[in-house]
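Trainee: So the chains spell out like this:
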Amino acid sequence: MCGIAGLIHRGKSGAIGEEMTAMLEALKHRGPDSTGFALYGQPHDGELIMRLKLAEQEETRKGFDIHKKLPERRAEVDRRLREIGATIVSSEPATEYAYRYSLNYQGDNRKLADYVEDVEGVEILSLGSGLELIKDLGIAPQVADQYRLTGFQGTHAIGHTRMATESDVDIRSAHPFWAYPFADVSVVHNGQLTNYWVGRRALERRGHRFMSNCDSELIAVYLADRVTRGATLEDAMRDSVEELDGVFTYVVATSDSLGMAKDVMAAKPMVLYESADLVALASEEVAIRSIFPKEIDTFDPYEGEVRVWKTH
Amino acid sequence: MATTIHPSSKTQSHFLGLHTEQLGGRTQQRFFSAEEVENFVYPWSMPVDFDKQGEIDATGLGTQAINLKLRDMMSQGYGHIVLKNPGAKPGLAVGILNRVNLTIDGSLGYFGCGLIDGPNIRITGRVGWSCAENMMAGTVVIEKNAGSTFGAAIRGGDLVCRGDVGARTGIDMKGGTIIVGGRTGAFSGFMMQRGRMVILGDAGKNLGDSMYDGTIYVGGSIMSLGVDAVPAEMNEHELAWLERKLDLYGLEAPKGVKNLQKIAAGKQLWNYDNLEPAEKKLVL
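Residue numbers (the numbering used here), protein chains in the order written: chain A, 709 to 1020; chain B, -14 to 269.
Rather than coming from a laboratory, the hints here were simulated on the basis of the structure.
Fair warning: there could be bad hints in the mix.
What the hints assert, rightly or not - Calculated pairs, EDC-like style, for lysine to aspartate or glutamate (alpha carbon to alpha carbon, straight line, at most 20 angstroms):
id : chain 1 : residue 1 : chain 2 : residue 2
1  : B       : K190      : B       : D213
2  : B       : K54       : B       : E40
3  : B       : K230      : B       : D213
4  : B       : K159      : B       : E128
5  : A       : K1002     : B       : D42
6  : A       : K776      : A       : E804
7  : B       : K190      : A       : E912
8  : B       : K69       : A       : D1005
9  : B       : K69       : A       : E1003
10 : B       : K240      : B       : D149
11 : A       : K770      : A       : E804
12 : A       : K776      : A       : E828
13 : A       : K1002     : B       : E228
14 : B       : K190      : A       : E950
15 : B       : K190      : A       : E1013
16 : A       : K1002     : B       : E218
17 : B       : K243      : B       : E218
18 : A       : K1002     : B       : D213
19 : A       : K819      : A       : E831
20 : A       : K777      : A       : D878
Kindly produce the complete structure, drawing on both the sequences and the hints.
Mentor: Here's what the structure looks like:
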């Protein structure tokens, strides 16, 4: 059992950091192992925002040499960024092991990601002009405090509270997953995919990389692959309902859209609230209530249903 | 004293050799007897005064605290309780084994009103998954929508949702009545074993899949029937029952009860169908 949530302000910005923290806190009973946010702020013209981690939180707690290695890894990341043609506009530590970079870079995202992730222990959590992907161990208020998310303004967000079942309790397996190498695409998922290895091998043969053994990552890579080959996001999502086997509900976000898909058995929950200026969705209504204390009308999407909303 | 089946009493199923194995782990040899008054009254039942009304504000309270407050008020004889600001919290109003009129002013989360036996509950908002699961008796009326597995494994009582409900409505239903004002999702009536389900709107795919028994009535379209579910003819007693039941909750079939489609179990289940009615009661 995991908790997933999404919200999209249509035609305006909102306090999405605070709102998503409240929604995920309300879902903490569905999974206390880790919490993740994909927050979409105003796009930074010409700048690429990169969120990365240099190590797992657990390593920094228990390791002896890791504290010496972290500055070395960061220096190597900086060196490789410059070598590949990126200009570092700023780089700020969110924690000892997680950084936020602002880059000027006109090249190929895949090339950049592959070169940077070749540094030992480094994983790019997100790349994009508006996307900021933050995930760490603990419940929502802890992660939001740690990464100072409460003041974050933006148009839309997705989030996840994880109860680890098939893979480790670590940042690598936490959601959301960035749809490498596509800028600004992220996914959260609740469920189990039973054709994970078949799907993963097929996508690896096409040159896609997987950072974790978490089945949810397959959705992000699957959508990325379908979009690369010319499908719209909505079409890719509809295909996923047919091609991904198992029980699942997932939420995907791009720079200007938010979408949800539910498996054909409708075996995983999702509750929706939709109004003219805002859409909120979550595994349980209690999460939506955390940002709407007044009475509202909510409903469940049906089996095999795919919905996509735009920010404008 | 509970009535027991005398081992020498032979029925059709005995002659078919269906009693050679002893089922374990259940009270297989006990009949429920209507004459035994103690079966209808739980030892901890509280006296109820339906004129005594009270209110609980659930703002800032957790599930356990809210349920304890409910129980506390019932122990004080309150017969009508209004629960305000439930905030879609899960597990509210569960395990009520007493007569009480409970109005929930707002929405419930998962497993709301589960394991109840006797209360009359009205919910002004929506309910999450598994509302009224394992309900034995009483009424639960939801004014808006409901999530999936609505009325899972209910044994009795009336469970009514005026809006739409999710998938697997009435899964494993063993008695009672479920009425849905709107549509239901896939696999409604899955493994249904007894009772009646009335869906006034459309039904999703695989309706009544693997049902053993029971009856489903649908007012709208049926996306597809599951295995074992077949259309059936309605009789005048059913029409009268449907008229009366819908009227009780202020609902109407879109084209009149005569035009509801009746769905029943069509597959011959060798073991189940050869049981005498009294024995089915034991099995279920």
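Trainee: All hints, please: hold or fail.
Mentor: Checked hints:
no. : hint              : result
1   : B:K190 to B:D213  : 14 angstroms, holds
2   : B:K54 to B:E40    : 10 angstroms, holds
3   : B:K230 to B:D213  : 26 angstroms, violated
4   : B:K159 to B:E128  : 24 angstroms, violated
5   : A:K1002 to B:D42  : 14 angstroms, holds
6   : A:K776 to A:E804  : 11 angstroms, holds
7   : B:K190 to A:E912  : 35 angstroms, violated
8   : B:K69 to A:D1005  : 17 angstroms, holds
9   : B:K69 to A:E1003  : 11 angstroms, holds
10  : B:K240 to B:D149  : 18 angstroms, holds
11  : A:K770 to A:E804  : 14 angstroms, holds
12  : A:K776 to A:E828  : 13 angstroms, holds
13  : A:K1002 to B:E228 : 36 angstroms, violated
14  : B:K190 to A:E950  : 16 angstroms, holds
15  : B:K190 to A:E1013 : 13 angstroms, holds
16  : A:K1002 to B:E218 : 46 angstroms, violated
17  : B:K243 to B:E218  : 10 angstroms, holds
18  : A:K1002 to B:D213 : 44 angstroms, violated
19  : A:K819 to A:E831  : 14 angstroms, holds
20  : A:K777 to A:D878  : 19 angstroms, holds
The structure does not agree with the numbered hints 3, 4, 7, 13, 16, 18 stated previously, though it agrees with the rest.
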